[in-house]
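> Just so you know, the protein sequences line up as chains G and U, in that order.
Here the first sequence stands for residues 1 to 269, where the numbers follow my numbering.
Here the second sequence stands for residues 1001 to 1297, where the numbers follow my numbering.
Any given hint could be a false lead.
[To be verified] The list that follows gives simulated cross-link-like pairs (lysine-lysine, DSS-like), each with its CA atoms no further than 30 Å apart:
1. G/K13 with U/K1154
2. U/K1155 with G/K13
3. U/K1193 with G/K268
4. U/K1077 with G/K249
5. G/K11 with U/K1154
6. G/K147 with U/K1077
7. U/K1193 with U/K1155
8. U/K1077 with U/K1193
9. U/K1154 with G/K249
10. G/K147 with U/K1193
Source of the hints: derived by calculation from the structure; they are not laboratory data.
Now for the letters of each chain:
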Amino acid sequence: MVEMMRGVSMKRKVYIILTMSLLSGLGLMVLDFLSSSRTEFRVPPGFNPTVVELSEGPRQDESVFQGELAVPSVVQFFLQSDAEGNKEIWIRSASEVLGSPTREIYMVVGEFTGSSSVSVPLFMDAGRYSVHITHEQVEGQVLIATKETALEPQEFSRLLRIHQGDLDNPPPGYAEVFSISLQGLTCQDETMHTLSLTRAQEVGLAVYTSARQGMVRLDLVGQSSSYYGLVTEESWINDQLQTTLSPGKYVFKLTCADADGEVRVYLKQ
Amino acid sequence: MIKRQFPTAAQGNAVFLFTVVITWVSSIFLQPRLGLGTNLWINEYVWILLPPLLLARLQGWSVEEVYRFKTTSRRNKLISFLSGICLWLVAVYVGTVIRIFLDARLGSLPAEAQFSPSVYQTLLTLLGMVILAPICEEILFRGLIQRAYEGYGKKRALVIAAFLFSSYHVLNGLSEVLPVSILGLGMGYLLYKTDSIASSMVFHAACNLSAIFLGGVGGLTRLQAIPAWFHLAVVGSLGVTWFLFRGLQGTPAEERSAASQAGGMSAAGAITLVLAALFLLAMGALEAAVRLGLITP
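Could you build the full structure based on these sequences and the hints that come with them?
Pasting the structure below:
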């Protein structure tokens, strides 16, 4: 009987814990529902979000926020919007943006929510940068999230050399897969190299171009996934792209006209 | 004379099959819509906790007696907590070895998109892991299933319950099965020795706390290679666990009387068990197919 009383006491404790947990859990669920019903944005971990309300009125090249880099850094931008129509985003840097011919990066954000987004990493030297937006007055918001990570001095030097046209500077552990001179070459989706995977594996790609004129685009095309515009005449550096590829064949396709320089591809060993 | 009533293996298997299938189906629909935390709470309260409690109510069982809602000494609770941390280290070690092996032989699983859950979903997940899972899953696996199989012997029951507990976790990934079986054996042994579900609940809570702080925050569950100190830590953990278990107070309750011993398993019990096994095997095969690139998720 004593043991049964003890059993009742323990049962009561468990039921009390379960009941109180349920009540607090329901409260958390309600709060979560109320906060998420407002927006479908999903900010990646470590990013600082800025939300621009589009219904307040149209904006024409208006600055939404500014940042200052004390040291060379990679600034990752993550953009989403729950509003219809295109919103133009300009990122202007006072200092060099590695891999870009200009210090202005232009992006367009359509209606991207949930798991869809526009995201781009920019390697920038120390200095100020600002983000500007142009849009019509519509219902909805734009999310601009940034994450700044300082670059090691050696790493920045390596990327700077690539930016200046010396492509023989892959990340440690990467080996050249192929390179092609663009001088006098005109082609459309021409196969440069085939990558065959017998099992799903994580691959690391480093793709660079020293083209400073004409048009160039390198794509990686596979059965289940493709990457278009690994490098272009306006985006010269795609450094350490990490992704998991399913088994199968992947083809590097080049499109170019009136370009100079070369394209070089490295693969992580 | 008080007639004791206990669940049968068939009843345990039926609840197990129901829980396994409904958890998977429900999560597919609800997790993307409601979030990881809310989905966890629904799984624990509705699909894991409710069936054993409903079964006890329908059968007129004493929950305290059948599911062993008995207190245990503070010493036992402390031993349960500390051994939970130690065996969790062992489980993570085994899980890391298996994960590395599977990645090398079958291929990696595609990386999932990383998004910050809301602070509310994070809180729900943490509270669910630390409070709900230890209570609800122990009531199902140690309270109902281990009790149901005690007709075949108490030691055999704890092994079977641990096996079913670990096979359920194939839904979390193939690399989780063997590590969770280690933890399941620990929980089952604690229940066997102390005759109190409180011991296994405390052990379970300690494991999940370790997963949060040592695994999540400390990064132990994201290792790509096993450092030398980890080998030593695992050997030490096993030794400490053995020593702790020796210090448990209490003696196992007697085996059931011959009258209530199970004979063979009923046809219904066998069928539900086979169905559950087939379902879980299919889940494991699905993961293998994704790793091999035969299926794109």
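> All hints are to be evaluated individually against the structure, with a verdict given for each.
Structure-based check of all given hints:
Restraint check for G/K13 and U/K1154: satisfied, since their Cα atoms lie roughly 27 Å apart, inside the 30 Å limit. With a C-alpha separation of about 28 Å, the suggested pair U/K1155 and G/K13 falls inside the 30 Å cut-off, and the hint holds. Taken as a hint, the U/K1193 and G/K268 pair is broken in the structure, with Cα atoms around 53 Å apart against an allowance of 30 Å. Proximity of U/K1077 to G/K249 is assessed by CA-CA distance (about 56 Å); at most 30 Å being required, the pair is judged violated.
Between the alpha carbons of G/K11 and U/K1154 the distance comes to roughly 23 Å, so the proposed pair stays at or under 30 Å and holds. Only pairs whose Cα atoms come within 30 Å are accepted, and G/K147 paired with U/K1077 is rejected, the gap being roughly 45 Å. Note on U/K1193 and U/K1155: the hinted pairing holds, with a Cα-Cα distance of about 10 Å set against a maximum of 30 Å. Pair hint U/K1077 plus U/K1193 holds up; C-alpha atoms about 12 Å apart against a cutoff of 30 Å.
Using a Cα cut-off of 30 Å, the hinted pair U/K1154 and G/K249 is violated, with the two alpha carbons roughly 55 Å apart. With a C-alpha separation of about 53 Å, the suggested pairing of G/K147 with U/K1193 is violated against the 30 Å cut-off.
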